[in-house]
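Student: Single-letter residue listing:
2 protein chains.
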Amino acid sequence: MDWTIMAVPAVGAVALIFAWIRAINVGKKDPGNDKMKEIAAAIREGAMAFLAREYKVLAIFVVAVAALLFVGNLGGSEDGGPFKHPMIALSFIVGALCSGLAGFFGMRVATAANVRTTNAARTNLNSALQVAFMGGSVMGLSVVGLGVVGLGGLFGLYWGTGILGVPAGQQDSLRDVVTILSGFSLGASSIALFARVGGGIYTKAADVGADLVGKVEAGIPEDDPRNPAVVADNVGDNVGDVAGMGADLFESYVGAIVGSMVIGAAAFSSAQSATLLPLWLAGVGIVASVIGTFFVRVKEGGNPQTALNVGSLIAGILMLVGGFFAVRMIIPAEGVQFSEDGAIVSGMNIFLACVTGLIAGTLVGFTTEYYTSKDRAPAQSIAADSLTGPATNIIAGLGVGMRSCALPVVWIALAILFAYKLAGLYGIAIAALGMLSTTGIQLAVDAYGPIADNAGGIAEMSGLPPEVRERTDNLDAVGNTTAAIGKGFAIGSAALTALALFSAFQTQVSVNGKPLVMDLADPTIVAGLLLGAMLPFLFSAMAMQAVGAAAFEMIEEVRRQFKSIPGLMEGKARADYARCVDISTAAAIKRMVAPGLLAVLTPVIVGFGSKALFGTPAALGGLLAGVTSSGVLMAIFMSNAGGAWDNAKKYVEEGHHGGKGSEAHKATVIGDTVGDPFKDTAGPSLNILIKLMSVVALVIAPML
Amino acid sequence: MDWTIMAVPAVGAVALIFAWIRAINVGKKDPGNDKMKEIAAAIREGAMAFLAREYKVLAIFVVAVAALLFVGNLGGSEDGGPFKHPMIALSFIVGALCSGLAGFFGMRVATAANVRTTNAARTNLNSALQVAFMGGSVMGLSVVGLGVVGLGGLFGLYWGTGILGVPAGQQDSLRDVVTILSGFSLGASSIALFARVGGGIYTKAADVGADLVGKVEAGIPEDDPRNPAVVADNVGDNVGDVAGMGADLFESYVGAIVGSMVIGAAAFSSAQSATLLPLWLAGVGIVASVIGTFFVRVKEGGNPQTALNVGSLIAGILMLVGGFFAVRMIIPAEGVQFSEDGAIVSGMNIFLACVTGLIAGTLVGFTTEYYTSKDRAPAQSIAADSLTGPATNIIAGLGVGMRSCALPVVWIALAILFAYKLAGLYGIAIAALGMLSTTGIQLAVDAYGPIADNAGGIAEMSGLPPEVRERTDNLDAVGNTTAAIGKGFAIGSAALTALALFSAFQTQVSVNGKPLVMDLADPTIVAGLLLGAMLPFLFSAMAMQAVGAAAFEMIEEVRRQFKSIPGLMEGKARADYARCVDISTAAAIKRMVAPGLLAVLTPVIVGFGSKALFGTPAALGGLLAGVTSSGVLMAIFMSNAGGAWDNAKKYVEEGHHGGKGSEAHKATVIGDTVGDPFKDTAGPSLNILIKLMSVVALVIAPML
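Protein chains in written order, with this note's numbering: chain A, 1 to 704; chain B, 1 to 704.
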């Protein structure tokens, strides 16, 4: 087989080896005294127990869907019909497995790194940063490594061996091969949705429960060991912000690669280079990310934010340079030719589409940062409006969240238009991939946050001296700008990827031999559009109401323990942490199912229903357009409103408008609590929802 | 001219005469003692002063737009191009004038009826109901009367006299005539948007200001004369809930008629009957409404709700029967024929499309009622979640609001599919008209609410005995179900009308002689779709932040007066009501401009911009689809969340979860305050926004 194909999974394997070495290095660090070890063990047990139960439920789902995919694609393609092959079930299973493994690795090392970060923080800031970031980078490298190993490996298998019954290594087989490959993305997206929703419910139920009873009612500090929900709260940081986010980014990353491969294979007469390029860009991004991680270091008294920014920036620049050469190498000098109209797209245009994505992602990120940062006018205006109480705080936050949608959508729309002008639909897909190519280091930065957060919790619970907590707080406080930019990339790429997948769906469905037309003048499409636009609202309601119900159970339990365990408040008796962990776990597992199924089943029902009633699945096209447009908006709205409320609180806590304990502060605490399910449960899940529904449509397209 | 044309404006004229007689009858009632008269005069002066200032600003807008329309359509149509005529500026001006007149009449009589209702309530319940409802029915009949007189009159002028340069009375001229007629709808919609937004800002700024300082900080009851914002609050009920809503429904009503006329003229080879039918259905609805109003009466101790329901129900039944005969009379026995494919649509099908609209509107209404009523699970669940404080109250309310979007959208989507199946796009437009045909009595019921509310305020302020206030409260409390159903009709018809107008736009724009294709596979369309979906968010943010800023000014002023006017709290000194009225007025006028211009200018910019950049205004089609889909959702979400918060508060006030003064009650008050700008400013304005943008597109279509 061509080395250009196998080089990519090889790079992925190298990333995994790096991750493995770092995981071992983390494990070698000193986990501190017995008290610390005991607490860390409780957190790790809780987190792993949740993952085990979650994966059990998901295993049933994976097996069921795989069976359906196998049966639905049996018999292969009819004459002239689109290509079908039961092997798509394998792609699906491998995608789901890789996603699960990435979450598992990431969380194992995160729950080892947290206590070791605490212990390192007893010495100095840089050691603590190193441990926390090393832990985060295991997650980051696992995600990208498993992504390209899985995708590249399957691609090599399907295309290189002829196992699908299409000629091996032939350009003409590519379109069929990537059709079967798209099952990988389906696997990744469905696991991601459940993991994000489940993790989000878990972490917010514990957080709200711990805060409302502990901080507000009982008046004890955050992370106080007397609070029965404190361990569950720390477990939540891991299952929500590490495993959930890891699965989320795995899904985005894989979706962007698969989307560009599908379009690359379908759109060009010189399909081979266009199909390979996405894998290569991903490989370059991995190398850039690995190198970038080496530049993350800080001196005592230095600013960890700068360290993270330097690492990300170096990775970004390397990606640009490497991406340029990758395009030159893979795309022929004469460019690639559209099979439909014979137009030529140069390698330069494709590279510029990638750059367009990077620029748009950065702009969305800076806009996000502007609307949510505590140093900027929007969050500060929420703080000021808190002077007249919680009602005006909430109105202001909702207003900021809604207004913050405007610019990002403009950037995304411009990116769509530019990338399309540069290289057609392929350009849009490549732009999405450009945004996500440095996921390796982006995710390392993201996952570093909850590790540092946990480290602080462990310091508090094990009664370490205050300077330790100060150091971990210092670590925890930063990474906001980097995280905001990462969020911008996630939202921007979700919109572009959804559009790419959605267009890929359209190319896969043909009605009487012609490509599907989804004209907005057709009321069937508009009905689909309205239904689609409704789904993010229903989905968000389900997620938020799940958090509300789970938090309510948690509140009752914490109150019960405070009342019924004698000596607990005096610190003489130990709280029943396990009970709270159980409540969050059970609630999250139970309540993640309905929103997850809503996302998976709706495209299937609408697609086959519309086909049966109107003879064309065009309504499904309307549905996807609706869910994408309103989903992107709701995702930005909810994430940014939540972030702005959070930082308005932090701004007041810095001493403005009366500082901690003032009426304004109380109002901002209420706003922050409302924002929790917005920004950590519903908002980020919507990014997955829109892609999952598009990829479901893409996978069922040959059956329609 | 054909009597079938002139019969309709004649019916409208009869409705106006009825309205006039009732207004005189209201005026003849006793306005009570001097104190009452003094307060009522202050409210009336404030309301009329606001209207005068608002209309001055709008006059500038109307003149400017009319001039642009005149110039833009000078020179008429080029050979083969779409029909253009500067007379469209006249349609626009008449539409704007009729809308303004309806608001003026309605508010004049409402500000006379309020104090007379108070005075009648000193005797008994039925007299009070009669006065309040009579006042409301003036608004209702003015709206529908002016609507059909204006539209029917212009239609007669344009088609009957040949003034547009097209042959008079000829079937072939119809398409051109209704194109020019659509300016009427543009006039109505733009006035409505400004009136809704301005009125909404006014009323909520006054309401929030009066409540937060008066009720919460100073602890004095609602409508207490010591509160400086109390008159502004009562003025707000008139400018927001009477004038604003009147303009809103005038716009919906006119939009639905014009939408069906445009499609009727374009779609059928036997266009005359299809174009006339909408006017006839409107006429039948007026007769049904007038008759219905006579059945609204109640005995002392009886339930005013039943009285209102009986009136509405009778009007609905009469509409169905009358509509059936109107269709039989106007539509030829052999049906009408689509010019495109020659298919025949029977009169029965058209009648059934009308029925589909009525059923869908009723279902949306009942769903709205379910999610917002204080006797149902959703609002009660918000009340229960208030036990854990304002944060969980807000989360629950947002969740209920989002969830409440699901079913209405399903009903609307089904209505679209059914009506389309029955009679094509024309069926969809007729379904929208079916929903709105009994606007006359619907609006009477809606406008009766603020009159009763005002009557209670006047009773309180003038120190009348408590049984008077009890009777007005009794009047005020009802009409909720009727109002909810009315809201359902408004939202449902907005979606259908927008779709109809949007399709009409598409038929008016041709690219190289072919109708515009707006394929969702085209990324330009999707970019437009995303931008469109963003607008309701930006618009809502502007409206909510305007309320926030205006309320803040009001709060400061009320606090200032409490502090600086000696003897005010002891009731010895008089508050400076006029100052508060001024603040609300100035804030509303100033802040209604930006959101209004956003709505009017965006389609123009995107339409011409897209035409210049891509050679086709297709992106504008995407924009309209986006704004419609996300606008419908946001409108339902915001209106229902606001309603549910309001009724959760009322539920707690009935004594549940600790009743008035409990912590749960405080939490529900906060939720209610958040809901105020949702349900009374941003939410209902969105209904107008989506139609206004479609009608702007329709009007500029010939220039594109």
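Hints were generated in silico from the structure; no laboratory data involved. From a predicted model like this one, the values you see are computed outputs, not experimental measurements. The reader is advised that the hints may include incorrect statements.
In this list, chains with the same sequence are indistinguishable; a pair is considered to hold if it fits within one copy or across any two.
Below, a list of computed lysine to aspartate or glutamate pairs in the EDC-like style, where the Cα atoms sit at most 20 Å apart [to be verified]: (1) K590 / D341; (2) K421 / E340; (3) K666 / E654; (4) K666 / E217; (5) K28 / E222; (6) K35 / E663; (7) K37 / E663; (8) K421 / D224; (9) K215 / E663; (10) K299 / E38.
Student: Now look at each hint and say whether the structure bears it out.
Tutor: Outcome of the hint check:
1. K590 / D341: Intra 51 Å, inter 53 Å, cutoff 20 Å: neither.
2. K421 / E340: within (16 Å within a copy, 35 Å between copies)
3. K666 / E654: Classified as within; 14 Å inside a copy, 28 Å across copies.
4. K666 / E217: both (12 Å within a copy, 16 Å between copies)
5. K28 / E222: Neither. Shortest intra-copy (30 Å) and inter-copy (68 Å) distances fail the 20 Å Cα cut-off.
6. K35 / E663: Neither: 37 Å inside a chain and 40 Å across chains, both beyond 20 Å.
7. K37 / E663: neither (39 Å within a copy, 42 Å between copies)
8. K421 / D224: neither (56 Å within a copy, 64 Å between copies)
9. K215 / E663: both (15 Å within a copy, 18 Å between copies)
10. K299 / E38: Answer is neither; intra-copy 30 Å and inter-copy 75 Å both fail.
Going through the hint list in order, the structure does not satisfy hints 1, 5, 6, 7, 8 and 10.
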